[in-house]
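Engineer: Given the coordinates of chain A, work out where chains B and C should sit on it, guided by the hints.
Protein chains in written order, with numbering that gives the first Met the number 0: chain A, 0 to 207; chain B, 0 to 207; chain C, 0 to 207.
Some hints here could point you the wrong way.
Claimed, not checked - Restricting the straight-line Cα-Cα distance to at most 30 Å, the calculated cross-link-like pairs of lysine-lysine (BS3-like) are:
| no. | chain 1 | residue 1 | chain 2 | residue 2 |
| --- | --- | --- | --- | --- |
| 1 | B | Lys152 | A | Lys87 |
| 2 | A | Lys31 | B | Lys31 |
| 3 | C | Lys31 | C | Lys97 |
In case anyone wonders, no lab produced these hints; they're calculated from the structure.
Each chain is listed here by its residues.
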Amino acid sequence: MIDLNFFAYSATNDIGLLAFAISGAYKGINRKLDILGVIVLGFLTALGGGITRDVLAGKSPAAFLGYNDIGFTFAGIGSAVIMYLLIKKDISGNIIIKISDAAGLAAFTVTGAVVAHQSQFNIAGIVILSFITAVGGGLISDVLTNRIPMVLKEDFYATCSIIGSLWFYISINIGINQNCAVYTTFIVVLLVRVVAILLNWHLPKLKS
Amino acid sequence: MIDLNFFAYSATNDIGLLAFAISGAYKGINRKLDILGVIVLGFLTALGGGITRDVLAGKSPAAFLGYNDIGFTFAGIGSAVIMYLLIKKDISGNIIIKISDAAGLAAFTVTGAVVAHQSQFNIAGIVILSFITAVGGGLISDVLTNRIPMVLKEDFYATCSIIGSLWFYISINIGINQNCAVYTTFIVVLLVRVVAILLNWHLPKLKS
Amino acid sequence: MIDLNFFAYSATNDIGLLAFAISGAYKGINRKLDILGVIVLGFLTALGGGITRDVLAGKSPAAFLGYNDIGFTFAGIGSAVIMYLLIKKDISGNIIIKISDAAGLAAFTVTGAVVAHQSQFNIAGIVILSFITAVGGGLISDVLTNRIPMVLKEDFYATCSIIGSLWFYISINIGINQNCAVYTTFIVVLLVRVVAILLNWHLPKLKS
Chain A
0 MIDLNFFAYS ATNDIGLLAF AISGAYKGIN RKLDILGVIV LGFLTALGGG
50 ITRDVLAGKS PAAFLGYNDI GFTFAGIGSA VIMYLLIKKD ISGNIIIKIS
100 DAAGLAAFTV TGAVVAHQSQ FNIAGIVILS FITAVGGGLI SDVLTNRIPM
150 VLKEDFYATC SIIGSLWFYI SINIGINQNC AVYTTFIVVL LVRVVAILLN
200 WHLPKLKS
Chain B
0 MIDLNFFAYS ATNDIGLLAF AISGAYKGIN RKLDILGVIV LGFLTALGGG
50 ITRDVLAGKS PAAFLGYNDI GFTFAGIGSA VIMYLLIKKD ISGNIIIKIS
100 DAAGLAAFTV TGAVVAHQSQ FNIAGIVILS FITAVGGGLI SDVLTNRIPM
150 VLKEDFYATC SIIGSLWFYI SINIGINQNC AVYTTFIVVL LVRVVAILLN
200 WHLPKLKS
Chain C
0 MIDLNFFAYS ATNDIGLLAF AISGAYKGIN RKLDILGVIV LGFLTALGGG
50 ITRDVLAGKS PAAFLGYNDI GFTFAGIGSA VIMYLLIKKD ISGNIIIKIS
100 DAAGLAAFTV TGAVVAHQSQ FNIAGIVILS FITAVGGGLI SDVLTNRIPM
150 VLKEDFYATC SIIGSLWFYI SINIGINQNC AVYTTFIVVL LVRVVAILLN
200 WHLPKLKS
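The following block holds chain A by itself, in its conformation from the complex (with noise of 0.2 Å):
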């Protein structure tokens, strides 16, 4: 049995939720919207991934449950938020946000994993809610905010997710340990990511 608490509320998925956060407010900001639909981005951004996750997956939202830890997250989220409107610049360039936004999504590629493996799907169950885990607060945010998805135009990034989510499939069925294909699931992602982000990788675009 794989200890989920222990990893989805660890350091890194909160620093993942925050670097959401502010990716989803930045959005909110960047299209004028008024105050409160920028605090409903942020959360969205940050909390539509696994809230997603858990309702294809038949459970109730993670997000939702809970009255201790949860609370420290949900305030900082919206510090991160209210922080940022009152900084209002566009830091989603900054590395320190680049490297934590990568430990989000290295975080909920895991926790999409975990919860669809625990649910018995097959690898396309385990590919899909990895990726909808990952960058379905971004997708969300992005359809909001009316416009095509960033994922699904530019950038190395949810193919980072499906890497990483190909990567847990495999191990669990050769037969490695749980909590070591969860470890390994996290660092894969990670340095997928932070490679493609230092050598600017991108995926070839289409022309129709």
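Structural biologist: For chains B and C alone, kept in the frame of chain A given last:
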């Protein structure tokens, strides 16, 4: 135990459904959809928030269950949309429609809060579920007509729902009788919204 | 008891999945997404309707369960999308693709109606679930590529699904054998859609 059925299918809820259906149908007419598109938008705007609420709470959508009372509801929504197709005027500024819409906002906020409370969700769950129940239908129809949702951009609208759900959470936790919490929440949302309409309140906008 | 598995994973369903995947991939190519975006749109257009159906019915998505038959399905969708990435021509007007798409529309309408019936949903649940199963994937891919969904604007497409699900509801309630209801619903949707293609039917548009 809160008598949700009594409240949820009460007159205010149905008035809200009709007002939401009209606002959805208008978006469709305004964006030059065909007749089917206008009807679909009318129904989705009226029912989308409640369906999303039930899915998030792990329940079968209330709109899909039962055969008696709910038949009148659907007939009402359908009639509102079809009558509106014949009129084709923007009546969303009409004060009767605005008050009906405010009644719907209040009733939907309450059902979201009650379902979240019955699912033992935390404060985030209560606020988010109330928010989605109340404005989810409008969000869906804005997204489907390729617009940034109005509630994120302007007006003092979703904020009334958030104030109401926070009041619900507080009143339940300071030990107020549950039915009393339900009715005061309804009154809080309705009052704040009507005052916001009369005084033309808006949240501050942001510039990037 | 309707033998859904027999029908749902039959040849028509798989033909529909491939046609839907191709139409989704084309939207991605047309909007200049990268390779990942095109593949994601192909899979989401094919699987999105069925996944939404299962979530609304409180079930685990069928696409995420099972390992045998479903492997061929995914391999088929992937192959269709990848072959299409190599061709990059708009083949959506091709009569073979149009008929395959009509077969998918009919098969998906049936599975939506059957799942709704098995969940003891009312007539609204049957119509809405059939509608979402049949056109949900297309709605998702249109929203993700920042367009007003085609099915809301033009063509006589989703209407065929609605006619079929109403027929299903009527036939079940007048006591027709359930397997017979399934097959006649399939035939009704397919026939109406093929006639609509041949006679170039459109619903009337509206002007505001």
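Engineer: Against this structure, judge whether each hint is valid.
Structural biologist: Verification of the hints:
1. Distance check on the hinted pair: Lys152 of chain B and Lys87 of chain A sit about 17 Å apart at the alpha-carbon level, within 30 Å; holds.
2. Taking the CA atoms of Lys31 of chain A and Lys31 of chain B, the gap is near 26 Å; set against the 30 Å cutoff, the hint holds.
3. A distance of roughly 23 Å separates the Cα atoms of Lys31 of chain C and Lys97 of chain C; the hinted pair therefore holds under the 30 Å criterion.
In terms of the numbered hints stated before, the structure departs from none.
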